[in-house]
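Each chain, letter by letter, is given below.
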Amino acid sequence: MSETATLKIWRGQTKAQGRWETHAVPFERGQSVLDGLRWIRVNTDPSLAIRFSCINANACKDCMMELDGETVYACTARLEPREMQVAPLPNKKLVRDLVTEIAPPAERFAVKEK
Amino acid sequence: MSAEPVQIETDVLVIGSGAAGMYAAIEAARAGCRVMLIDRSLIGRGGATVMAQMTVAVALGAEAPDHWSHHYQDTLTAGRGLCNEPLSRLLCEEGPACITEMDSWGVGWARKDGKITSTFAPGHDRPRCVYVDFLNTGPAVSKTLRSVVHKTPGIARTGDLCVVDLLKVDGEVAGAVAWHVGSGAPVTISAKATVVATGGLTRLYRRNSASANMGGDGYALCLRAGAPLIDMEFVQFFPIGHLAPRLIGMDPIMWDPFRYKLGGRLLNRDMEDFTDRYGVPEDGKYVITRDVGTYAILKEVESGRGSPHGGAYLSFQHVPAEKLREAFGPVIDRLAANGIDLTRMPVEVAPIAHYHMGGVAADVRMRTEVPGLLVAGEAVGGANGANRLSGNAITEALVFGREAGRTAAARVKTMKAVPPPDKAARATVDLIRSDPPKDMPNTAAMLTRLQATMSDDVGPLRTAARLNRALATIGELATAVGDRPFGDNGSFDMQRLDWFDLRNMLTVARAVTQAALLRTESRGAHQREDFPEMLPQWRANQAIRLHGQDLDIATAPASAVEVAAQ
Ligand SMILES: Cc1cc2nc3c(=O)[nH]c(=O)nc-3n(C[C@H](O)[C@H](O)[C@H](O)COP(=O)(O)OP(=O)(O)OC[C@H]3O[C@@H](n4cnc5c(N)ncnc54)[C@H](O)[C@@H]3O)c2cc1C
Ligand code: FES
Numbered sequence: 024m025s026e027t028a029t030l031k032i033w034r035g036q037t038k039a040q041g042r043w044e045t046h047a048v049p050f051e052r053g054q055s056v057l058d059g060l061r062w063i064r065v066n067t068d069p070s071l072a073i074r075f076s077c078i079n080a081n082a083c084k085d086c087m088m089e090l091d092g093e094t095v096y097a098c099t100a101r102l103e104p105r106e107m108q109v110a111p112l113p114n115k116k117l118v119r120d121l122v123t124e125i126a127p128p129a130e131r132f133a134v135k136e137k
Numbered sequence: 095m096s097a098e099p100v101q102i103e104t105d106v107l108v109i110g111s112g113a114a115g116m117y118a119a120i121e122a123a124r125a126g127c128r129v130m131l132i133d134r135s136l137i138g139r140g141g142a143t144v145m146a147q148m149t150v151a152v153a154l155g156a157e158a159p160d161h162w163s164h165h166y167q168d169t170l171t172a173g174r175g176l177c178n179e180p181l182s183r184l185l186c187e188e189g190p191a192c193i194t195e196m197d198s199w200g201v202g203w204a205r206k207d208g209k210i211t212s213t214f215a216p217g218h219d220r221p222r223c224v225y226v227d228f229l230n231t232g233p234a235v236s237k238t239l240r241s242v243v244h245k246t247p248g249i250a251r252t253g254d255l256c257v258v259d260l261l262k263v264d265g266e267v268a269g270a271v272a273w274h275v276g277s278g279a280p281v282t283i284s285a286k287a288t289v290v291a292t293g294g295l296t297r298l299y300r301r302n303s304a305s306a307n308m309g310g311d312g313y314a315l316c317l318r319a320g321a322p323l324i325d326m327e328f329v330q331f332f333p334i335g336h337l338a339p340r341l342i343g344m345d346p347i348m349w350d351p352f353r354y355k356l357g358g359r360l361l362n363r364d365m366e367d368f369t370d371r372y373g374v375p376e377d378g379k380y381v382i383t384r385d386v387g388t389y390a391i392l393k394e395v396e397s398g399r400g401s402p403h404g405g406a407y408l409s410f411q412h413v414p415a416e417k418l419r420e421a422f423g424p425v426i427d428r429l430a431a432n433g434i435d436l437t438r439m440p441v442e443v444a445p446i447a448h449y450h451m452g453g454v455a456a457d458v459r460m461r462t463e464v465p466g467l468l469v470a471g472e473a474v475g476g477a478n479g480a481n482r483l484s485g486n487a488i489t490e491a492l493v494f495g496r497e498a499g500r501t502a503a504a505r506v507k508t509m510k511a512v513p514p515p516d517k518a519a520r521a522t523v524d525l526i527r528s529d530p531p532k533d534m535p536n537t538a539a540m541l542t543r544l545q546a547t548m549s550d551d552v553g554p555l556r557t558a559a560r561l562n563r564a565l566a567t568i569g570e571l572a573t574a575v576g577d578r579p580f581g582d583n584g585s586f587d588m589q590r591l592d593w594f595d596l597r598n599m600l601t602v603a604r605a606v607t608q609a610a611l612l613r614t615e616s617r618g619a620h621q622r623e624d625f626p627e628m629l630p631q632w633r634a635n636q637a638i639r640l641h642g643q644d645l646d647i648a649t650a651p652a653s654a655v656e657v658a659a660q
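Protein sequence lines, in the order shown, are assigned to chains S and H.
In terms of my numbering, the first sequence opens at residue 24 and continues consecutively.
In terms of my numbering, the second sequence opens at residue 95 and continues consecutively.
Worth flagging that the hints you see were computed from the coordinates, not collected in a lab.
Glycine included, C-beta positions come from ideal geometry on N, C-alpha and C.
Some clues are possibly wrong.
What follows is a set of in silico ranges between Cβ atoms, one per label pair, in the way DEER data are often shown [stated by the list, open to error]:
hint : chain 1 : residue 1 : chain 2 : residue 2 : range
1    : H       : Lys245    : S       : Lys116    : 48 to 58 Å
2    : S       : Asp91     : H       : Ala648    : 51 to 61 Å
3    : H       : Lys206    : S       : Lys116    : 45 to 55 Å
4    : S       : Glu106    : H       : Asp582    : 41 to 51 Å
5    : S       : Thr94     : H       : Gly433    : 21 to 31 Å
6    : H       : Ala430    : S       : Pro49     : 36 to 46 Å
7    : H       : Gly373    : S       : Pro104    : 12 to 22 Å
8    : H       : Gly208    : S       : Arg105    : 50 to 60 Å
9    : H       : Arg438    : S       : Pro127    : 35 to 45 Å
Derived pair list, reagent style EDC-like, types lysine to aspartate or glutamate, alpha-carbon separation capped at 16 Å [claimed, not checked]:
hint : chain 1 : residue 1 : chain 2 : residue 2
10   : H       : Lys510    : H       : Glu103
11   : H       : Lys237    : S       : Glu130
12   : S       : Lys31     : S       : Glu106
13   : H       : Lys245    : S       : Glu130
14   : S       : Lys116    : S       : Asp91
Which chain H residues stay away from chain S? Per the calculated CB distances, all over 12 Å, these [said to hold, decoys possible]:
hint : residue
15   : Gly320
16   : Leu361
17   : Glu366
18   : Ala637
So here's chain H without its partners, still in its complex pose:
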């Protein structure tokens, strides 16, 4: 195979080009650093950011009075006692500055009478969510940041570079070793500061709203580099993911904006409202939070009152055609092309994996426990506790990205030289270009099996028996994956890509499952059918570290709830 790895040097390496990574790159470059922004996919297109369709939560107070402390209070309430409060506070307090800066960069937040307008979303005490019409929030955020990245001097950008391991020199992270998917070449990138902004893990599940790049790489990278993860058991399911009829060219979470604007009714097999049975009467308004919505739909299905494909009906039949068109114009035509006329029929919806509350443990400057290693965006754990409010994730990505860029720049100023890669890099380079084993089971089928196991046994409703069964399957898969990458290591070798993905996803799946097994209570997005109560002794966070092949889990009480400053 190819000879020596390509070696690159920079001040700040940013891994992942979603909102968090791009904001971090811009902020570090503005402070005078040389930045390298890399992504396993194309720049600005591979992650969740470009897919987001809905809203961004921020206490702007442009249309009606609001203050970050109200947003903070709502975030803590939704988090069910587990939020890392300094992180939640940072998100809420700095949100307005980032949203305003995005506005000055021309993102195009929807306006009414010249003022940025906000919509109401479940769990917020007032209309607080800004958006770009129609279903265009994520693409607009991504495009805006991409053009600022282009214009900011000092940022080199490269796609098709998949990070395989972080580079550690003398106990500090000093860059990363990546695999150039296009050619199969190993690439060593040395940096004074490294920001992991790789997004979430929802690809672990069969039905998800994710992209193919969201297998939780960053969590595995940080674990292997010695940084702990927290709250890994809290995977957010989005209750009303599209289920049936099958649709082409539309994201499964598309019904959320419909509910924001038009309410809509959630109905069971018998066309009855049912959310009141689970404590939240809706009456055609969208008020149910994600954890309760998921629980209500799955319980209704379990009781035999689900819709034909195993979910619930969502109906807009009571909304006049003109109103539908006014609110969603072109989207109504895309639905028609798929044979869906909302004035005549309900659609079927069911929970899908959507976002990860857990992640890498970090302080308010986005520093992990390992010097030189920073995190940003959905990769960070803790700001949203046991359940995230709608709209908080984009804000989190922007605010944490900006903060990580600042911290990276400050670290760069204190360092004279970029530490050169040592022997540790060698092992990953050798792994990347190693010959495949003789026996290579189908990697795509193994990924499918992992997703099935996670969905069936580590979904929103959990029991010890199912979690243990999942651990057994994860173990079998790990044995089949072995320690040598599959494929021919030619150009765009998808078997080898799957193999690197399995290496990460199996570790992350184990972290989620083991943490879920230990948490013997129900809280927010984690519901144990064998432990249905929320218990005061579990107002605690679980931190996970990797020791050899094993995951160690330690429990520490969550910080005390302080009353939000007025």
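This is chain S alone, in the form it adopts within the complex:
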């Protein structure tokens, strides 16, 4: 039994210059999409940017992203043995790859333009 989940992931540092990348992840029942993304970092590409803290508990609410066009928490969305499309939240400022600026404005660090 070696099923795979195929994650089609949006990558980039600005919205204008992005690309889609496809990664195959070994599928195991009971994994989350976040587990799949973390697998990619450990096994193929550590530069993939994702925001998460609590991993399983669904307590930090850091891991919001878009899965097949719908907003989800990556740690509660089930990984499935099919192609799944993962993108950053469209209505938030992009930081990098799947990471967007989701902190309340008063809690952001303001950097001057470089």
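Given the coordinates of chain S, work out where chain H with the ligands should sit on it, guided by the hints.
Chain H with the ligands only, in chain S's frame:
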């Protein structure tokens, strides 16, 4: 890369926004200080506090008589002779005031007949643990403190700021140098007092209940700033972490509240009760403490009587469905979504890394040995000795946080100006924005290897051979990590974040392992299979300092047990 670092000035810098950091910020601001509260993650969401699901130990005596001295006595007993008694006493004596203040801020402690109700937890001599239903204790604590932080004038808050080093000026800590994860920019924060409230180190282990931000940063920061750590060998494993079947959207420690409320039975492969073999007959009640529970399960697995995935079964099959629903309502539905029906099947559980008893050495005012450097919460070592009682950690975070805020405010009053950063800050700023080396092994894979080594060789059951093997692996990893950060230093550069994490985690892993190797006895959370007895000459604490690249460990007798004042 970016030019000059951003420079910020404040009275009190609080690093970490868990319960300890937020309470410290509130207390210092109430005393009139300008406070800056920063976190490597989002404010109030990145640490253990928001993840805690269970209970908070406090001698409130609201429902039935209790007194802090009874709580203190239980804490010392659980600590197996190693507690720093003044710290334990502070935790127990001041707990009620903080819990009551949290109540006035609207946290919502569960009540019966109008009174805050308490539940029984292993190791406590009476029902002493308050909670917020259902599994909502940590989120409620965190949310309450966050809203008080918002309302208190004088607190600036910023997330995505990861502290890389503390700033030292003339032998005193005077702020910190941080890395803005979102942009890659270095940021220098000068402060009259600095509070390290960065939580624990359980991310060092493969199976843990931690968040990604709990790699023990604060321990490494304080070591590098010259403050000693104590009791680093005492990592608490939580015996009944969820093992199988795989679950989504539930924290692995979720079975603890089930056991508080419903008892439950811990069974081996053959569906037999087994804890009596290790001296604690349970009989469907939850009485086994964490150190003994961990030992019993691992020994049962070692003898070939473990459950299929290498743990034990936990069964609630004898509990009627209505009772399960009454106690855990919505959680039962979340379990059903994961295909788990507790009336029909047991789950499998096994020990996972959960909390750190060791930490930065501090006095009852939360001062470390280095002037200007204060600590709070799980970052502090000593209050829980060799084993922590359930519920003591949130109390510790609240009480120590409040105390650190007070001490910081008192120090601010004695100082005229914020000392400006000097040359020392420069080195960290340069490190943050340096170009990467050519050869960059996979940082995420290195972290995974470190976690595997710590779990396999520095877990709850230890031997000299395994500890030495771990030190060798830690050494290899340190060589591979080198002294220049990886990544492209762009926005949200996870390779660079991993690199800074490895820099800290490898130091902290070495501290845990070396201390464990030197302690040639078994006590509480530290069990040496080659030295199975608890020895009187080891009623001693080990203090660790950093000298150059090396860790120096000194041993001093633990304070004498005084009888708790009545
Ligand atoms: C799943 C779980 C359940 C628990 N349940 C209970 C319970 O029921 N009862 C109980 O008493 N205890 C419980 N504990 C333990 C308890 O939650 C913790 O000990 C306590 O919350 C620690 O609080 P803290 O404020 O010291 O640290 P934390 O809440 O962990 O906060 C530390 C903060 O520091 C930040 N930080 C770390 N490094 C840096 C850095 N370099 N720069 C900037 N910021 C940084 C982190 O992002 C984090 O936000 C539980 C722990 C876990 C993991
Ligand atoms: S990682 Fe914390 S909610 Fe998803």
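Cross-check of the supplied hints:
1. Hint check: Lys245 (chain H) to Lys116 (chain S), Cβ distance near 27 Å, so the stated range 48 to 58 Å is violated.
2. Hint check: Asp91 (chain S) to Ala648 (chain H), Cβ distance near 58 Å, so the stated range 51 to 61 Å holds.
3. Lys206 (chain H) and Lys116 (chain S) have their C-beta atoms about 47 Å apart, which keeps the hinted 45 to 55 Å range intact.
4. As the Cβ distance of Glu106 (chain S) to Asp582 (chain H) is approximately 29 Å, the hint placing it in 41 to 51 Å is violated.
5. The hinted range of 21 to 31 Å is satisfied by Thr94 (chain S) and Gly433 (chain H), whose Cβ atoms lie roughly 25 Å apart.
6. About 27 Å separates the C-beta atoms of Ala430 (chain H) and Pro49 (chain S), a value inconsistent with the hinted range of 36 to 46 Å.
7. The hinted range of 12 to 22 Å is not satisfied by Gly373 (chain H) and Pro104 (chain S), whose Cβ atoms lie roughly 47 Å apart.
8. The beta-carbon spacing between Gly208 (chain H) and Arg105 (chain S), approximately 53 Å, falls within the hinted interval of 50 to 60 Å.
9. The hinted window of 35 to 45 Å between Arg438 (chain H) and Pro127 (chain S) holds, with their beta carbons roughly 44 Å apart.
10. Straight-line distance between C-alpha atoms of Lys510 (chain H) and Glu103 (chain H) comes to about 13 Å, which keeps the hinted pair within the 16 Å bound.
11. For a cut-off of 16 Å, the pair hint linking Lys237 (chain H) to Glu130 (chain S) stands: about 15 Å separates their Cα positions.
12. With a C-alpha separation of about 7 Å, the suggested pair Lys31 (chain S) and Glu106 (chain S) falls inside the 16 Å cut-off, and the hint holds.
13. Our distance criterion of 16 Å between C-alpha atoms is met by Lys245 (chain H) and Glu130 (chain S), whose separation comes to about 14 Å.
14. Of the supplied pair hints, the one linking Lys116 (chain S) and Asp91 (chain S) is violated, its CA atoms being roughly 19 Å apart against a limit of 16 Å.
15. The beta carbon of Gly320 (chain H) is kept farther than 12 Å from every beta carbon of chain S, the shortest such distance being approximately 28 Å.
16. Distance check for Leu361 (chain H) against chain S: the nearest CB is about 22 Å away, which clears 12 Å, and the non-interface claim stands.
17. Against chain S, the non-interface label of Glu366 (chain H) holds: every CB pair exceeds 12 Å, the least being about 27 Å.
18. Residue placement check: Ala637 (chain H) keeps its beta carbon more than 12 Å from all beta carbons of chain S (closest about 31 Å).
Consistency note: the structure conflicts with the earlier hints numbered 1, 4, 6, 7, 14.
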